[in-house]
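Peer 1: Now for the letters of each chain:
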Amino acid sequence: MSHLTAWPVFLPLITGFFLILAHMGGIRLQRTISFLATLGLIALSFALISASQTVDYHVYLLGNWAAPFGIVLVLDKLSALMVTITSLLAVGALWYAMTTKIDEKGSHFHILFQLQLFGLNGAFLTGDVFNLFVFFEVLLLASYGLLLHGNGRLRTKAGLHYVVINLIGSTLFLFAVGALYGILGTLNMADMAAKIAVAPPEDLGLIAAAGLLLLVVFGVKAAMFPLYLWMPRAYANTSAPVAALFAIMTKVGIYAIIRVHGTIFGDEAGELAHFYVPWVLGLGLVTLLFAAFGVMAARGLREQVAYLVLASVATLLIGVGLNSPEALSATLYYLIHSTLIAGGMFLLADVILRGRGEYEDRFESASSMPDAIMIGSVFMFGAIAMTGMPPLSGFFGKVLILSAALDSAWFAWIVSVTLVAGLLMILSMARSGSLIFYKTRPQGKDTSGSVMGEQLNCMAFIAVIALFATSPVLVLFAHPITAFTDVTAMQLFNSTHYIQAVLSTEAVATTATVVEIKP
Amino acid sequence: MEWLISFSIGVLTATGVYLTLRARTFPVVMGLTLLAYAVNIFLFSMGRLTIGLPAVIDKYAEEAVQYSDPLPQALVLTAIVIAFGMTAFLIVLALKARGELGNDHVDGVEDSPSSSVQQEAK
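First to last, the protein sequences are chains G and B.
Note that the working numbering gives residue 395 to position 390 of the first sequence, counting from 1, and the numbers run on in steps of one.
Note that the working numbering gives residue 36 to position 33 of the second sequence, counting from 1, and the numbers run on in steps of one.
Read the hints as simulated data drawn from the structure, not as lab findings.
Idealized CB from N, CA, C, for every residue including glycine.
Keep in mind that the hints are not guaranteed to be accurate.
[Stated by the list, open to error] No farther apart than 25 Å at their CA atoms in a straight line, the calculated lysine to any residue pairs in the SDA-like style are these:
{"hint": "1", "chain 1": "B", "residue 1": "LYS62", "chain 2": "G", "residue 2": "ALA512"}
{"hint": "2", "chain 1": "G", "residue 1": "LYS444", "chain 2": "G", "residue 2": "LEU432"}
{"hint": "3", "chain 1": "G", "residue 1": "LYS106", "chain 2": "G", "residue 2": "LEU34"}
{"hint": "4", "chain 1": "G", "residue 1": "LYS110", "chain 2": "G", "residue 2": "PHE51"}
{"hint": "5", "chain 1": "G", "residue 1": "LYS110", "chain 2": "B", "residue 2": "LYS62"}
{"hint": "6", "chain 1": "B", "residue 1": "LYS99", "chain 2": "G", "residue 2": "GLU109"}
{"hint": "7", "chain 1": "B", "residue 1": "LYS62", "chain 2": "G", "residue 2": "LEU432"}
{"hint": "8", "chain 1": "B", "residue 1": "LYS99", "chain 2": "G", "residue 2": "LYS200"}
{"hint": "9", "chain 1": "G", "residue 1": "LYS106", "chain 2": "G", "residue 2": "LEU432"}
{"hint": "10", "chain 1": "B", "residue 1": "LYS62", "chain 2": "G", "residue 2": "GLY68"}
{"hint": "11", "chain 1": "G", "residue 1": "LYS110", "chain 2": "B", "residue 2": "LEU104"}
{"hint": "12", "chain 1": "B", "residue 1": "LYS99", "chain 2": "G", "residue 2": "PHE40"}
{"hint": "13", "chain 1": "B", "residue 1": "LYS99", "chain 2": "G", "residue 2": "ALA512"}
{"hint": "14", "chain 1": "G", "residue 1": "LYS106", "chain 2": "G", "residue 2": "LYS200"}
{"hint": "15", "chain 1": "G", "residue 1": "LYS200", "chain 2": "B", "residue 2": "ARG51"}
{"hint": "16", "chain 1": "G", "residue 1": "LYS106", "chain 2": "G", "residue 2": "ILE380"}
{"hint": "17", "chain 1": "G", "residue 1": "LYS200", "chain 2": "B", "residue 2": "ALA77"}
[As the list claims (entries may be wrong)] Output of the computed footprint for chain B on chain G, the stretches with three or more beta carbons under 8 Å from beta carbons of chain B:
{"hint": "18", "region": "14 to 24"}
{"hint": "19", "region": "141 to 150"}
Build the full structure now, drawing on both the sequences and the hints.
Peer 2: Below, the structure written as structure tokens:
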């Protein structure tokens, strides 16, 4: 049993502990430790990917208790992929936070950041539903702290809504998990799937209700219609690196749907096999439409980017809702793209906000910002990637999802909603781009004592460029990446293998002898 | 005992939902606390309701003995701790919002009817 599976969970946790101690050593020491640990996480995640290529499932028994009795960590290709995306995004966000000194605007930024990574990686690797709940709470509590980092009235207000809605989500999660445990008598996902296959027919209704309740919980996390209303304001009002890191948070919900529902209600579930799929597809379509309206109606750039994130989540939901290996593979490709580009867009919105001085990111005509040509061209690049226009990866992702939808009975709906929403988003991005970069007031006339924008922080801008650079990489290496996502999707659809792998893993023999004491 | 437990869970949940939908932060905090209580009792009862049974299996008993399921009890402990921490955080956040936004409305702005009532009270 290799300990590699457990390292991505424990490295951020241990780093978090050391960062608390390093608090006395000043911000530079904290930055060094935090950044090195996050770079280490990237190295680890690539090791995980290569490990997941050789063996299909790495099952790590925590405390050396065999599967249904103890908690397991399971590393498969999807987990490795999610951990990799998280660590890449985290390095970008962390670099931006350090170079713009946002991390100094409140204490404990780095600690919360590492604990957030701890929660995220744990959620991606666990094979136990209650443990998933615990990791959700870990990442949520860290995210509450990060969301409020740096203060501000709007931030507090949006933070309050975010915390309350997530607490309600946690309560529902417990109700769902409790109901499932009451019927099935287990919390291990693989064991649950095995138990549902042989569940008596009179219990199926209750299991389905609990499963849909779980879908509501993951829908809150993923910002699925009608549970997305907390999301645009929270993302628009928090600090840029946090918003960038939160680009992965909505994807945690998507991941949980793929993992939990895909495993528990897989092919073996009899009557309940894939019963949740029409809900995901239908709600995904509605979410996409509302996201496009939100993109059009946004009054500021950050709000607009938040709605664009919502649109990408909706596209992913549609991909999951199509429920075929091809669609899932396309979904994973789009997931890599949308997470990293959305993170870059939030950082870029902050760069623009700083450049425009007191106009911030509001869609009003302001005097031209420093280095407008440079920022503007990067903005155009990001907008093309984000809205899914050729030649960048957003376009490929959408084409893959739409071509996987060809056989679906909902094909007409999917194509029309996706294309109309895409057109609306392109129009609004073109409008906001021209408003920010072209319709500027001539310099010098603005003498009303307005605060001029900051010069471009080149070091910080590297983070934006690095995150955006993943888009051409995704296009250039589209073949190996789609080959990987194809295999991953096939692996996810073979949930029988997952169940067997988890339940057949035996505890490592220990040298300690058990002394039997007769009473 | 079953009806008493299910009745309490129902009442706690209903009260919790009602309070969570209120417009002031303090009732919302109370509502979330009540919801947490409801879910704790619910989790506990998912191990089936038993009286006077140990939560451990007697390995050396002569015949198969009954025991109460220990796992939901562990789950409830975890849930209590988490809910406790979250409530504490929420109260601090509500206080912060009260200080920064100048009122305890969840949206940070007074509704027009309630503010007129306040003005009348003044």
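Peer 1: Against each hint, give a clear statement of whether it holds in the structure.
Peer 2: Structure-based check of each hint:
1. Our distance criterion of 25 Å between C-alpha atoms is met by LYS62/B and ALA512/G, whose separation comes to about 21 Å.
2. Only pairs whose Cα atoms come within 25 Å are accepted, and LYS444/G paired with LEU432/G is accepted, the gap being roughly 16 Å.
3. Of the pairs offered as hints, the one joining LYS106/G and LEU34/G holds, with about 14 Å between alpha carbons and a cut-off of 25 Å not exceeded.
4. Annotation: proposed proximity of LYS110/G to PHE51/G is violated, straight-line Cα distance about 33 Å (limit 25 Å).
5. A threshold of 25 Å between alpha carbons decides the hint, and for LYS110/G with LYS62/B the separation of about 58 Å lies outside it, so the pair is violated.
6. For a cut-off of 25 Å, the pair hint linking LYS99/B to GLU109/G stands: about 20 Å separates their Cα positions.
7. Proximity of LYS62/B to LEU432/G is assessed by CA-CA distance (about 71 Å); at most 25 Å being required, the pair is judged violated.
8. At roughly 47 Å between alpha-carbon atoms, LYS99/B and LYS200/G are farther apart than 25 Å, so this suggested pair is violated.
9. The suggested pairing of LYS106/G with LEU432/G is violated, with an alpha-carbon distance near 34 Å, which exceeds 25 Å.
10. Taking the CA atoms of LYS62/B and GLY68/G, the gap is about 21 Å. The hint holds against a cut of 25 Å.
11. For the suggested pair LYS110/G and LEU104/B, the alpha carbons sit about 20 Å apart, so the restraint of at most 25 Å is met.
12. Of the pairs offered as hints, the one joining LYS99/B and PHE40/G is violated, with about 31 Å between alpha carbons and a cut-off of 25 Å exceeded.
13. Distance hint between LYS99/B and ALA512/G is unfulfilled; the C-alpha atoms sit about 49 Å from each other, more than 25 Å.
14. For the hint pairing LYS106/G with LYS200/G, the CA-to-CA distance comes to about 52 Å; that exceeds 25 Å, so the pair is violated.
15. Proximity of LYS200/G to ARG51/B is assessed by CA-CA distance (about 18 Å); at most 25 Å being required, the pair is judged to hold.
16. Restraint check for LYS106/G and ILE380/G: the C-alpha separation of about 20 Å stays at or below 25 Å, so the hint holds.
17. Distance restraint check for LYS200/G and ALA77/B: the Cα-Cα separation of roughly 22 Å lies within the 25 Å cut-off, and the hinted pair is therefore satisfied.
18. Only residues whose beta carbon comes within less than 8 Å of a beta carbon in chain B count, and the region 14 to 24 of chain G has 0; fewer than three means the coverage is violated.
19. Here the region 141 to 150 of chain G counts 3 residues with a CB under 8 Å from a CB of chain B, which clears the bar of 3, and the coverage holds.
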